[in-house]
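Number of protein chains: 2
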Amino acid sequence: MTATTPTKRATTEDDITAEVLRRYEGTPDPRVKQIMQSLTKHIHAFIKEVGLTEKEWFHAIDFLTRTGQMCDERRQEFILLSDTTGVSMLVDLISNKKPIGATESTVFGPFHRDGAPERELGTNMAEGEERGEPCIITGTVTGLDGKPISGAKLDTWQADPGGFYDSQRPELDHMHMRGIYTTGADGKYTIVTTRPVHYQIPSDGPVGEMLRATKRHSWRPAHVHFVVSAEGYEPVTTHIFDSIDPDLNGDAVFGVKDSLICEFRSHTQPSAESQKLGVKTPFSATEFNFVLAPAKK
Amino acid sequence: MTATTPTKRATTEDDITAEVLRRYEGTPDPRVKQIMQSLTKHIHAFIKEVGLTEKEWFHAIDFLTRTGQMCDERRQEFILLSDTTGVSMLVDLISNKKPIGATESTVFGPFHRDGAPERELGTNMAEGEERGEPCIITGTVTGLDGKPISGAKLDTWQADPGGFYDSQRPELDHMHMRGIYTTGADGKYTIVTTRPVHYQIPSDGPVGEMLRATKRHSWRPAHVHFVVSAEGYEPVTTHIFDSIDPDLNGDAVFGVKDSLICEFRSHTQPSAESQKLGVKTPFSATEFNFVLAPAKK
Numbered sequence: 118m119t120a121t122t123p124t125k126r127a128t129t130e131d132d133i134t135a136e137v138l139r140r141y142e143g144t145p146d147p148r149v150k151q152i153m154q155s156l157t158k159h160i161h162a163f164i165k166e167v168g169l170t171e172k173e174w175f176h177a178i179d180f181l182t183r184t185g186q187m188c189d190e191r192r193q194e195f196i197l198l199s200d201t202t203g204v205s206m207l208v209d210l211i212s213n214k215k216p217i218g219a220t221e222s223t224v225f226g227p228f229h230r231d232g233a234p235e236r237e238l239g240t241n242m243a244e245g246e247e248r249g250e251p252c253i254i255t256g257t258v259t260g261l262d263g264k265p266i267s268g269a270k271l272d273t274w275q276a277d278p279g280g281f282y283d284s285q286r287p288e289l290d291h292m293h294m295r296g297i298y299t300t301g302a303d304g305k306y307t308i309v310t311t312r313p314v315h316y317q318i319p320s321d322g323p324v325g326e327m328l329r330a331t332k333r334h335s336w337r338p339a340h341v342h343f344v345v346s347a348e349g350y351e352p353v354t355t356h357i358f359d360s361i362d363p364d365l366n367g368d369a370v371f372g373v374k375d376s377l378i379c380e381f382r383s384h385t386q387p388s389a390e391s392q393k394l395g396v397k398t399p400f401s402a403t404e405f406n407f408v409l410a411p412a413k414k
Numbered sequence: 118m119t120a121t122t123p124t125k126r127a128t129t130e131d132d133i134t135a136e137v138l139r140r141y142e143g144t145p146d147p148r149v150k151q152i153m154q155s156l157t158k159h160i161h162a163f164i165k166e167v168g169l170t171e172k173e174w175f176h177a178i179d180f181l182t183r184t185g186q187m188c189d190e191r192r193q194e195f196i197l198l199s200d201t202t203g204v205s206m207l208v209d210l211i212s213n214k215k216p217i218g219a220t221e222s223t224v225f226g227p228f229h230r231d232g233a234p235e236r237e238l239g240t241n242m243a244e245g246e247e248r249g250e251p252c253i254i255t256g257t258v259t260g261l262d263g264k265p266i267s268g269a270k271l272d273t274w275q276a277d278p279g280g281f282y283d284s285q286r287p288e289l290d291h292m293h294m295r296g297i298y299t300t301g302a303d304g305k306y307t308i309v310t311t312r313p314v315h316y317q318i319p320s321d322g323p324v325g326e327m328l329r330a331t332k333r334h335s336w337r338p339a340h341v342h343f344v345v346s347a348e349g350y351e352p353v354t355t356h357i358f359d360s361i362d363p364d365l366n367g368d369a370v371f372g373v374k375d376s377l378i379c380e381f382r383s384h385t386q387p388s389a390e391s392q393k394l395g396v397k398t399p400f401s402a403t404e405f406n407f408v409l410a411p412a413k414k
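Residue numbers (this note's numbering), protein chains in the order written: chain A, 118 to 414; chain B, 118 to 414.
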């Protein structure tokens, strides 16, 4: 065996970490350098702390590979993984600090789709849906000063009464339970839909394996998604939650914030509004006012 | 706005981490529980330390998704990511602690393929290759006691003289520069190939983006890959490296260990062995003895 040269190379666990950190020293962008060095330190610390075995490493490689391969234009398994590990909510808390009084944000989730249809105020984004209880959501979009914002966009999406998003139903060839509503001059909006239901996040992929291996449930409390935006304001990505949902304290993706919980009132008699909107009885109704912070300079 | 219930939910960055850790409390397998809780702590600590923004998070989701989607039966971009971030070598150091005297291991890498052809001792795994310098690699596989191991398998693979593995050449319909050699009764092996060359790891995917963004080079010093295995012994995944390679101290995947560096001697005259094997002059030759540790009980 012809071997050994006088040079010294990484031979211990800590040598390797030091050498990897050193390799990032020449990174031109200081933020990229900071992120890569911090990530290296923390990922290496995790591996050392648990003494990760080669077999476990192979499992992780396979898990991450399959997570990426499950993603397509209808499914984002990496966002689901981020959501179920609390990463999304942590980034939300750090990244989306809002001034007092502004509507709080929550997870974006894996089910948003670009290009949802623009809908007139008061129209039904659950059109054609025979299941579920009709529901009217109304409110005003204002600035921190309480002044209504005209022309604010509410990009709205929701699981259907069976607990599935349109993107989870391969037989659907059109968008369903989605719409972009635009506030009028008074900042008000009216959305007709079905009352949101709690549902299980998709468990037929790597995230489902993780939840089963750790005996975690996969329920999300009933909610409607919104991205509310308007020129000159900071957009907010958020949900409204149904206050009677039993899973409010156990959301599989840790998304619940107290300020986003709404009372959905049940109506067994028609109201003037439900008659005007053509909404059948019984129905439920709730109100939520979005307050946008000014755009960052 | 109808809001707030008396329940208390995660409202700070540390609340979220505590709640995620709590969700893993019911994990039946203590090892899975340990890994998930440690991973949560370290990933959350990283995100808090750098104050990861939503935009950076989206970039990470997209990066990981594309890394998974680049993987197929010929390419494993997640292993490449693990290799280039020092994770693979760290796991190797932790997982493959060998007794003194046993051949050291190094990274597996992304280019191994199952089902390489079984080759007779002394045959050329670079057959048909017109480029590169012919090379003879010989040695013995023994136990820690120095006794030769008969029937040991050497699963061997290598980049071609142009610096590419067969799996990187879509026009190739057969395996090239690979073979499984089996030691005889004397534990000896003889492999004919070409002298390994240094090469750049694939940079047309997310890993290449990372290397460019951090101004890291993508060179690996010249090496030949081996997985050496025999019944009753612990297999070893390793390389041998060419001692004259200028990149021995800067391997893009941190794989070099001193004990794996070999002198490849240049021969300008035929030797008895090169004549017997039909190897053209000039050629190079090296010798490496593999020492296997006994199988773990």
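Take these hints with a grain of salt, some might be off.
For chains that are exact copies, the list does not tell them apart, and a pair is met inside one copy or across any two.
To be verified - Here are the computed lysine-lysine pairs in the DSSO-like style, where the Cα-Cα straight-line distance is at most 30 Å:
1. LYS165 with LYS414
2. LYS413 with LYS270
3. LYS393 with LYS172
4. LYS150 with LYS414
5. LYS264 with LYS150
6. LYS172 with LYS270
Because the hints were derived from the structure by calculation, they are not lab data. Every value quoted in this text rests on a predicted model; they were computed, and no experiment measured them.
Hints the structure fails to honour: 3 and 5
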